[in-house]
Amino acid sequence: MKLLLALALLLPQEGPFTDVLSPGTEYDPQIPTLEQAVGHDFDDEVTPPAQVVAYMEALAEAAPDRTHLIHYATSWEGRELVALVIGSSDRMARLDAVAADLRRLADPRGLSQADIDALIAELPVVTALLHGVHGNEISSSGAAMAEAYHLLAATNDPRVEEILGESLVLIDPMQNPDGRARFVFQTRMGRAMEPDSDPLSAEHDEPWPGGRVNHYLFDLNRDWFLQSQPESRGRVAMALTYMPHVMVDLHEMGGNSTYYFPPPAVPGNPWTTEAQNTSLDMFGRANASAFDGRGFAYFIREVFDSFYPGYGASWPLSHGAIGQTFEQASARGLVLRRNDGTDLTYGDGVLHHFTAAITTAHTAARNRDNLLREFVEFRRSAVALGESGAREYVLHSPHDPGLAARLARTLARNGIEVLRANEPVNVAGRTLPAQTTYIVPLAQPAGRLVRNLLDPNTPMDQDFVQLQIERRANRQPDQIYDVTAWSMPLLWDVEMHVADRPTGAAASPVSADETPMGALTLPPAQVGYLLPWGSTTAAVVAEAARAGILVRTVGGAFALGGREYGIGTALVRTADNGEELGAVLGSIVARHGAEAVPVNSAYVESGTSLGSNRTRAIREPRVMLLYDRPGSTYSTGWARYVLERRYGQRVTAVRASSLGRAKLAEYDVIVLPSGNYASAIDAGLVGRLRSWMRNGGTLITMAESTRWASHEDVGLLETTPELRGGAPASAEDEGRGADEAPQQPIDYLEAIAPEQEPPEQTPGAILNVDLDPEHWLSAGTDGRVGALVEGTRIFSPMTLDNGQNVGVYAPEESLRASGIVWDEASPQLANKPYLIHQPVGRGRLVAFAEDPNYRAYAEATQLLFINAVLLGSAR
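Under our numbering, the letters of the sequence shown match residues 40 to 914, in that order.
There's no promise every hint is true.
[To be verified] With a cut-off of at most 20 angstroms between alpha-carbon atoms, the simulated DMTMM-like pairs for lysine to aspartate or glutamate come out as follows: (1) Lys702 - Glu757; (2) Lys871 - Glu851; (3) Lys871 - Glu852; (4) Lys702 - Glu796; (5) Lys702 - Glu799; (6) Lys871 - Asp811; (7) Lys871 - Asp840; (8) Lys702 - Asp721; (9) Lys702 - Glu644; (10) Lys871 - Asp721; (11) Lys871 - Glu829; (12) Lys871 - Glu813; (13) Lys702 - Asp667.
[Said to hold, decoys possible] So the derived label-pair ranges between C-beta atoms look like this: (14) Glu200 - Gln501: 39 to 49 angstroms; (15) Arg914 - Asp379: 53 to 63 angstroms; (16) Glu751 - Ser696: 36 to 46 angstroms; (17) Ser730 - Arg658: 16 to 26 angstroms; (18) Glu553 - Asp615: 28 to 38 angstroms; (19) Gly468 - Ser645: 26 to 36 angstroms; (20) Asp539 - Pro437: 41 to 51 angstroms; (21) Asp129 - Gln69: 11 to 21 angstroms.
Since the hints were made in silico from the structure, they are not lab data.
All of these numbers come straight from a predicted model, not from anything done at the bench.
For each residue, glycine too, the CB sits at the ideal point set by N, CA and C.
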């Protein structure tokens with residue numbers, strides 16, 4: 040690299056686009072331009088991921104005294120994610136000590152005001168500029184490289200001097216390298232002899248799944264608190280190391296837009312403070328001044344809100360930073376002809392993002408002292424808030440302890456203090472056991488994030504909600520940008536108890552990176568080992584089956600050895616497996632933190648016998664996941680991730696267009712992600728699927744694929760999607776006869792209502808679902824789970840002669856667990872099926888009304904999904 044860089048520096052320096060970036064700025068020739076490093080200028084080409092990393096490495100090599108390059112994660116496809124920290128040479132020489140002091144400042148407990156003042160006097164403001172979380176939002180990564188070059192090479196820019204003197208700037212150039220690689224490949228493959236501005240040209244028209252998403256087709260801008268993906272987990276860990284005071288997430292939007300920066304749209308998150316809102320306005324005004332001065336169009340407030348705490352702008356707000364979203368109109372290539380006839384270029388996007396990013400870094404530097412003091416006050420007031428009301432949240436899951444442990448680790452990865460109880464905990468009139476009970480103090484610097492993630496409900500601005508009610512009455516779409524509920528205990532089926540005073544239980548901190556621990560060899564057992572069913576047991580069974588261990592599932596509840604076991608309990612018989620069972624199974628159990636109970640007698644005290652015909656063998660199922668159009672990109676990715684990474688179940692992804700060539704008999708389970716498969720599965724294929732189920736196959740549908748399966752012309756699922764009011768969607772509109780003319784005067788809103796309308800839209804709420812505890816699909820639950828509901832899907836209950844409604848939405852009075860459910864929707868949703876089991880010969884169809892794998896953070900319904908895969912194939 041050093042030799043190549045030395046040769047590159049001998050070339051004449053290209054400077055036209057740097058002149059456009061910052062007119063009049065002179066640059067140090069010892070700092071390589073992008074063209075010198077990779078062969079094209081900042082505006083010439085959409086830089087591939089490897090070249091983005093190479094350029095950041097070249098900058099770090101050229102200015103080692105002012106930079107620190109962080110390799111913070113590796114993507115699923117093996118690409119490096121890096122961030123470049125830039126600061127003054129003095130500060131960078133003691134970067135580790137500076138980072139430690141930044142973390143000290145972020146926890147004001149135990150610091151005197153004199154301590155705080157001393158830290159603020161010495162510490163920089165940290166501005167984190169994050170780019171390209173969606174891989175096809177291309178110009179931000181170009182801007183990131185230009186920002187880094189400008190901060191290191193500019194020699195006569197007083198703004199840069201102030202930025203380096205007062206701040207650290209952390210530049211993450213590419214948050215989603217896998218998606219960007221996909222986009223670059225596709226746009227170059229479709230590119231014409233010269234860039235084509237036609238929006239319909241192949242270079243602008245991405246094939247499925249597009250470059251927005253990562254390898255597992257996740258929207259990484261919704262993954263900040265769950266951190267299911269390595270890109271998110273590494274980025275959050277980096278943020279918690281440097282505790283930025285200003286964090287900006289730079290995006291792209293539709294090409295016919297202009298540029299967006301905060302203040303954000305309503306509703307804001309209720310845990311955002313007025314001081315943060317004031318700072319957001321300050322940054323907005325600074326960017327407005329810069330854009331006005333250069334003649335760039337922009338807008339504020341109209342679209343992007345900060346209500347959901349899982350964005351790259353809202354998660355930092357929950358920690359006390361000034362989190363911001365920037366959106367640039369996208370050329371989705373090198374040049375795009377817009378609806379008004381003007382051309383938008385890739386270089387335009389780079390220039391606009393560069394301008395906003397440098398302006399923001401300079402504004403932060405100029406306001407260093409005030410921003411640090413506001414940050415400290417946010418963190419200090421969070422502690423005080425936790426001391427004034429409820430004092431601790433206590434988490435426990437009696438039916439699935441592994442989920443409570445997983446939730447505790449996830450919270451710790453978010454920078455939240457979590458304690459594992461080392462002795463029984465007394466709370467809310469109950470005594471909860473040691474080791475499987477977790478305590479989350481509210482009096483901590485991250486207390487507002489605790490409330491955001493764990494509270495059953497996060498209230499939305501009531502004036503905004505009222506406006507949406509009025510819009511809906513006039514048949515206008517609501518302005519709700521994302522989901523209205525995300526409470527982790529509700530979606531994970533983990534009990535949360537509120538303690539109004541500290542429990543006083545002895546407890547130990549939960550580490551963000553700890554792994555389950557346990558014995559590597561199980562004690563000998565004459566009969567075998569019982570594993571109570573739940574999320575951890577499901578993962579154990581998937582791995583054990585893959586390793587060739589024969590596992591059985593008990594098809595009913597029973598009591599043995601003075602202990603009650605639920606339906607689905609896994610039984611691993613000693614006689615079924617080899618002599619090394621204790622060691623092999625023990626390692627798997629320890630790896631997942633599961634429980635395995637040695638059994639020396641199979642004589643049950645009550646319930647289903649272990650040798651009953653209701654006890655079935657589980658062998659590794661052969662699973663097909665339908666892939667590609669017409670399936671939903673997100674739903675497909677979520678399902679594949681849950682199968683492969685969450686539960687370790689191997690799966691074959693088959694493109695929908697190739698389903699007709701598949702030998703269905705080679706698969707035990709076929710998963711249809713959400714989507715209307717009418718264009719991919721014709722009547723002949725429907726017949727083959729029906730025959731395959733009769734021979735023992737398990738077909739799983741969800742959300743829109745369930746709606747498709749229930750259509751009259753498909754006829755796979757014996758239920759009916761409903762219209763508004765409950766009429767079946769297949770009913771013909773016979774019109775209104777002359778003798779049925781409405782009374783005068785008319786009700787205007789009723790008069791404009793369509794004759795046939797879908798049910799009321801539910802905007803991402805958590806609804807209670809009641810499960811049949813005696814059905815194997817509900818194994819591992821306590822009979823009620825929270826399900827994320829988003830859309831207009833409502834199905835009529837299945838009659839008993841066709842199947843069973845295993846899970847139904849709760850009665851209206853207890854339907855809503857969290858979020859917004861419109862008054863008109865509740866009566867129609869209540870008591871309607873969420874989960875249906877329809878026997879078909881020796882096989883079955885398992886249908887979910889919604890996507891059980893939503894964003895991979897609906898752990899309770901994901902368990903229902905893996906039950907359908909593992910236990911369904913065992914039937």
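Given pair status - aspartate 721, lysine 702, alpha carbons within 20 angstroms: The hint holds at about 16 angstroms.
Straight-line alpha-carbon gap lysine 702 to glutamate 757, limit 20 angstroms: violated (26 angstroms)
Distance restraint evaluation - serine 730, arginine 658, Cβ atoms, bounds 16 to 26 angstroms: holds (22 angstroms)
Status of the given 39 to 49 angstroms range, CB of glutamine 501 versus CB of glutamate 200: 47 angstroms Cβ-Cβ, so the 39 to 49 angstroms window holds.
Given hint glutamate 851 paired with lysine 871 - CA-CA distance at most 20 angstroms: Since the Cα atoms of lysine 871 and glutamate 851 sit roughly 10 angstroms apart, the hinted pair holds (cutoff 20 angstroms).
20 angstroms limit on alpha-carbon distance, applied to hinted pair lysine 871 and glutamate 829: holds (15 angstroms)
Lysine 871 paired with aspartate 811 [C-alpha distance capped at 20 angstroms]: holds (14 angstroms)
Distance restraint between lysine 871 and glutamate 852, which requires alpha-carbon spacing of 20 angstroms or less: holds (14 angstroms)
Pair hint lysine 871 and glutamate 813, alpha-carbon separation not exceeding 20 angstroms: holds (19 angstroms)
Distance restraint hint 41 to 51 angstroms, applied to the beta-carbon atoms of aspartate 539 and proline 437: Roughly 22 angstroms apart at Cβ, these two residues miss the hinted range, so it is violated.
Straight-line alpha-carbon gap lysine 871 to aspartate 721, limit 20 angstroms: violated (29 angstroms)
Proposed proximity, glutamate 799 with lysine 702 (alpha carbon, max 20 angstroms): With Cα atoms ~41 angstroms apart, lysine 702 and glutamate 799 exceed 20 angstroms; violated.
The structure fails to meet hints 1, 4, 5, 9, 10, 16, 20 from the earlier list, while all remaining hints are met.
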